[in-house]
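Asker: The residues making up each chain are set out below.
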Amino acid sequence: MRQLLSGNEACAIGAIRAGVRFFAGYPITPSTEIAEYLARELPRVGGTFIQMEDEIGSICCMNGATAAGLKAMTATSGPGFSLMQEGIGYSVMAELPCIIVNVMRGGPATGTPTRTSQADVMQARYGTHGDHPIVALCPWSVRECFDLTVEAVNISERLRIPVIVLMDEIVGHMREVVELPEEVKLWQPAKPKPVREEYYHYDDTNNYDAAIASFGEGYRIHLTGLTHRKDGFPTDEPEIIKWNLDRLRAKIEDNRSWLWDLDYQDLGSETVIVCYGSAARSAMEAKHQVELKTGRRIGILRLRMLWPFPSQRLIGLLRSARRVIVPEMNQGQLYREVERTVNLNVSVVSVQRYDGEMLTPEEIVAAI
Amino acid sequence: MKKFEIRLAGTGGQGVILASVILAEAAGVYEGWYAVQTQSYGPEARGGASRADVILADGPILYPKCRKLDLLVGLSQQAIDKYLPDLKHRGLAIIDEFYVRECPHPQTVCLPLSRTAREKLGRELFTNILTLGAIAKITGLVSLESLKKAVSSRVPKQYLDLNTRALEAGWELGAGVKSNPFSA
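Line order of the protein sequences matches chains G and E.
If you read the first sequence in full-length UniProt numbering, its first letter stands for residue 1, the second for the next number, and so on.
If you read the second sequence in full-length UniProt numbering, its first letter stands for residue 1, the second for the next number, and so on.
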């Protein structure tokens, strides 16, 4: 069925198709349509929508639903995302799979509610304290808002980790004609969980790819934000602290090969654009414009997953590039990641726009 | 690639965003165009400038905002003042005769959009939908039937009849317009 949908609507539909049955949130522009859609549709599929008093309450409420075994999600924008950081840290530490959608607007503080931005790239990575892994996905179209929300649910379940979907105002509010699939592929654990006498909530067999017990099933579960033993009870023994953090790190390190998600064309070219989100639409058009005018091929590499940053893959993919252009609607946040990844003899150019307007293809052409 | 860049602009509360969604849906869902709709507005619910862009093309659309307009629909003087420079020289401006006093562009169609809404439908609220009827007739980009289908999925049931009549009233207004860049 052909439909005209906004990115926010597609994200909400993707969440329901992926089995999300719980949403706790506090509406904020430009993410409000996600909450609006789920407030209407979640009860129809037996799910629960709760509007909380604020974003701190929202993330904690969602963490609770996740601990009780539901696929759960929240959606917000910059100011709310800031308030959620402590709760996101808890999701990481307690290994609660959940989805946080951040439809980016300008900041800092309340900034520009109705304007676009990609300025939360680093906050998504380092917003909560402590050494921790995180996964952040970044769609560039309405269809991808659907696909990557489903993907976010699958990754979060599989790795027992919170996954951030980093949209921006353009992608969230833009409407496109799409045909969404009725069925989506959902991750299922290959083996059932052990009997409750043999179950530990955090043992060496269930860091990822495992069936996990939830509250209410009769298993012994203890959740805490403190460093914990395999039974979930707090400890500050040095070797257990290290074991905790190594375990979290391994979620990403052991799974990099299938996790990375990127798209590319013409990487043999001397000039390559590395881009993501709505700015990638301008980058793709810039590539076409230059090729049409000069006949010169321009490479393009679009990241659908920003975190973990695909450094090792980029080293290989960009080996014949001499010039790399990184267009972003911020002051060069991912530019620095790219710069420290590529060879020293490659010049990396940051194309920035941060006045609330979308980066135009012409601005990128000028940099090429 | 065939491509039309259309901007509907006015004051917050006039319904230009809803109108743009209906236009994109009519053309994109019912007539097979590639369609992208975007908007720009301030934090206010009413008042303040409101603008919505629709791009229709026969191939995928990447950059989703309008740059060189084929059609500018202005429902306020401020909108015309601000966006007329974006209109192509050969592009068309459609304006409301009451809210827009001045539109220095060679291809301008001035219509009593808000007045017709008030006189024929009892409320100025229907100006946005009425305007769509006029756009369809004048440009030929979408059919009245497709607009009716799109309207039926986007307005409350109890107002469907009035909105359908608004489309038809706009179509009639458009029928009085002789030649324009789209008919050429």
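Watch out, some of these pointers could steer you wrong.
According to the in silico footprint, chain E covers these stretches of chain G (three or more CB under 8 Å from chain E) [what the hints assert, rightly or not]:
no.	segment
1	210-224
2	251-258
3	277-287
The calculated label-pair distances, taken between Cβ atoms and stated as ranges, are [to be verified]:
no.	chain 1	residue 1	chain 2	residue 2	range
4	E	Ser152	G	Gln265	26 to 32 Å
5	G	Leu262	E	Glu31	32 to 38 Å
6	E	Phe182	G	Gly295	48 to 54 Å
7	G	Ala39	E	Glu97	54 to 60 Å
8	G	Gln265	E	Lys2	47 to 53 Å
The following residues of chain E were derived to be distant from chain G, with all beta-carbon distances above 12 Å [to be verified]:
no.	residue
9	Glu25
10	Tyr34
11	Arg67
12	Arg101
Worth flagging that the hints you see were computed from the coordinates, not collected in a lab.
A quick note: this is a predicted structure, and the numbers were derived from the prediction, not measured.
Even for Gly, the Cβ is constructed at its ideal location relative to N, Cα and C.
Asker: Each hint: holds or not?
Answerer: Tested hints:
1. Here the segment 210-224 of chain G counts 0 residues with a CB under 8 Å from a CB of chain E, which misses the bar of 3, and the coverage is violated.
2. Counting residues of the segment 251-258 of chain G whose CB falls under 8 Å from any CB of chain E gives 0; the rule of at least 3 is not met.
3. For the segment 277-287 of chain G, the stated coverage by chain E is satisfied: 5 residues place a CB nearer than 8 Å to a CB of that chain, which reaches the threshold of 3.
4. At roughly 41 Å, the beta-carbon separation of Ser152(E) and Gln265(G) lies outside the given 26 to 32 Å, and the hint is violated.
5. Checked against the hint of 32 to 38 Å, the C-beta distance between Leu262(G) and Glu31(E) comes to roughly 35 Å, which is consistent with it.
6. The hint said 48 to 54 Å for the Cβ distance between Phe182(E) and Gly295(G), and at roughly 34 Å that hint is violated.
7. Taking 54 to 60 Å as the suggested C-beta distance range, the pair Ala39(G) and Glu97(E) does not conform, at roughly 41 Å.
8. At roughly 24 Å, the beta carbons of Gln265(G) and Lys2(E) sit outside the given window of 47 to 53 Å.
9. The beta carbon of Glu25(E) sits about 4 Å from the closest Cβ of chain G, which is not more than 12 Å, so the claim that it is off the interface is violated.
10. Here Tyr34(E) does not stay apart from chain G, with its beta-carbon only about 7 Å from theirs, under the 12 Å limit.
11. At the 12 Å boundary, the C-beta of Arg67(E) falls inside the reach of chain G, the nearest C-beta of that chain being 7 Å off.
12. Listed as outside the interface, Arg101(E) is consistent with that label: its C-beta sits roughly 28 Å from the nearest C-beta of chain G, beyond the 12 Å cut-off.
Checked against the numbered hints above, the structure violates hints 1, 2, 4, 6, 7, 8, 9, 10 and 11; every other hint is satisfied.
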